[in-house]
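Enquirer: Following the hints, put chain D in place on chain Y, whose structure we already have.
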Amino acid sequence: MRNYVLKKITGKTFFWLACLLAIFFFIFPFLWVVMMSLKNPEAAQAVPPKLIFTPTFENYKQVFNAGDFLNAFKNSFIVVLLTLAANLIVALPAAYIIARWRQKWLSFAILFTQMAPWIIFLLPWYIIFKRLGLYDTYIGLVLSNLTYLIPFTVWLLLGFFEDVPKEIEEAAWLDGCSHTGTFIRMVIPLVKGGIITVCTLGFMFAWNIFLFPLVLSGYRSKTLPVIVYNFQNDNSLDFGPLSAAAVLITLPVIVFILINQKYFSRGIALGGRK
Amino acid sequence: MSDVHIHRAGNKGAYKEDSTLINRVSEAFDRNIRFLFPLPALIIALALFLYPLIELFYLSLTRWSLVTQEPRTFIGLGNFIQAFTRDEHFWKSVWLMLYFALGALAGQFILGFALALLLNREFRGESVVRMLMLFPIIATPVAMSMVWVIMLNPMMGVMNYLLSVLGLPPSEWAAGSKAVMPTLIMVDVWHWTPFMMLVLLAGLKNLPKDPYEAAMIDGASRLQVFFKITLPLMQPYIVLVVILRLIHNLKVFDEIFVISRGGPMRASETLNLMIYHQAFTAMNYGYACALGLFLLLVILAISLAVFRYRERSWSY
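Protein chains in written order, with this note's numbering: chain Y, 1 to 274; chain D, 1001 to 1316.
Excised from the complex, chain Y in its bound form (with noise of 0.2 Å):
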């Protein structure tokens, strides 16, 4: 019996132990940057690092003070709502009539369109964008994004509308209700789950992407990742206002994500098993 009571304590033990590695593996860098952040110039670059500062801000007000920050800031905002008010305008209805009327080429396509690497679109888009004036503006960010999102839209809610059962729409047209009345009044409020887990991981998409902008915006519509990067180039060694921007560019999307929890794990979830 004191063998077994024993056993059991030390598998919790071992249980505990590796979990708190697990996180400390992904979650130090995360602990890192903060603490940098905090750190004056020459406590940033002490070898062996320091543990105990006092802690200063001067590096969150040097990236508020580099001027084209809040601009792209305002940028990545717009570009994202934008972003996904399009995709869903244009995804929902285009799912909607894919789950009733199913194609297998279509999901060939959708998933070649998952699979290529973005650079490979974005060579002609640089070409297509200057010619038609849509280099460096929002709505040429915007289309860009809609590329990886409307695929990934239509692939998530598939099942979605598929759950809706025809009897409810067949009911409604009885009563008289259009079809396209149908489909906004009975048929959206029931894939609501479904749309608010698209808009979560498409805030995520949208807010981290870095490739699009990097080529298709320049001096007007440059967003966070862009920025940032930027900033990095200009100050290699500057590591505490480098921590203050990667703290203020993270921190947006982690606060969304846990806020939308639930939805991020089943989305990540479908993603996965489809």
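No lab work stands behind these hints: they were computed from the structure.
All figures in this text were calculated on a predicted structure; none of them were measured in a lab.
We put the beta carbon where it would ideally sit given N, CA and C, even for glycine.
There could be a bad hint or two in this list.
[Said to hold, decoys possible] Each pair of labels, with its calculated beta carbon distance range:
1) 1073(D) x 34(Y): 51 to 59 Å
2) 71(Y) x 1304(D): 40 to 48 Å
3) 1046(D) x 40(Y): 53 to 61 Å
4) 131(Y) x 1207(D): 48 to 56 Å
5) 219(Y) x 1071(D): 23 to 31 Å
6) 1207(D) x 15(Y): 13 to 21 Å
7) 193(Y) x 1042(D): 23 to 31 Å
8) 18(Y) x 1086(D): 50 to 58 Å
9) 61(Y) x 1175(D): 28 to 36 Å
10) 55(Y) x 1165(D): 17 to 25 Å
11) 12(Y) x 1281(D): 53 to 61 Å
12) 1207(D) x 16(Y): 23 to 31 Å
[As the list claims (entries may be wrong)] Sample of chain D residues at the chain Y side, in silico, Cβ under 7 Å:
13) 1030
14) 1136
15) 1146
16) 1161
17) 1295
Expert: Chain D in isolation, oriented as in the chain Y frame:
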């Protein structure tokens, strides 16, 4: 009776008068939603996928630089001949892309599976632990790559300090031409193992309980249970997540671009990076397009293979 009839007829007349152009258009729209609803998505697909591919194909046959105003010269297959026979870095970049993708995949799979097995139980704080482990997926890749740049700095970074604490010699990390690829793979393993863990954990939680009870009655050892029961039952999940990760690993750009920029001495310039550099740094736009077309065909072949495999195994 006739009164009612007249009334209805009058109403109908009013309706007829009301059925203006707008009314008729909206009715026609409603009858054809089957074609009209997917139309915007179709237009976007044609404009942003199909047409650009045509443009890509044309550009790949030309010599053209972005900066100079000189016209594009049509050189046929010249770019491809250049890549396949003369450019020493081309095949190396293909190899680096595969090396990175497979190396990261192996690390993600082993670590992710181990973690999934570890967390496949009920315990207090389960959701907190899982959420903390998801942080790397959520965070902005560019920002986190920058954090790694800071931590990996050979002189002042914390990683070499950690090595010295463990009594190990310091590494050059991303600054060394030998160390750079393993370093990038390590960062990608850090970034994406949680995803692997999450999908495999969902699979483990869905496994039937009966085989395990039977094995316990038969007195099978833990290793036997793992190899004879868990692994075969998990196969569909494993295949799926391995394919997903492999595809994704082939696309990785941000981390490599921020941490090593393909260097030092092109030691980590994967095909993705090479295309970017040829287009926007070396200003060989036509050449970059040819490389892009090559990559596209490779990816297309892989997708077709994956698609046929999926059709066979899950009859999608």
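Enquirer: For every hint, state whether the structure bears it out.
Expert: So, going through the hints one by one against the coordinates:
no.	hint	verdict
1	1073(D) x 34(Y): 51 to 59 Å	53 Å, holds
2	71(Y) x 1304(D): 40 to 48 Å	44 Å, holds
3	1046(D) x 40(Y): 53 to 61 Å	55 Å, holds
4	131(Y) x 1207(D): 48 to 56 Å	54 Å, holds
5	219(Y) x 1071(D): 23 to 31 Å	28 Å, holds
6	1207(D) x 15(Y): 13 to 21 Å	20 Å, holds
7	193(Y) x 1042(D): 23 to 31 Å	26 Å, holds
8	18(Y) x 1086(D): 50 to 58 Å	52 Å, holds
9	61(Y) x 1175(D): 28 to 36 Å	31 Å, holds
10	55(Y) x 1165(D): 17 to 25 Å	24 Å, holds
11	12(Y) x 1281(D): 53 to 61 Å	55 Å, holds
12	1207(D) x 16(Y): 23 to 31 Å	24 Å, holds
13	1030	5 Å, holds
14	1136	6 Å, holds
15	1146	5 Å, holds
16	1161	5 Å, holds
17	1295	6 Å, holds
The structure shown violates none of the earlier numbered hints.
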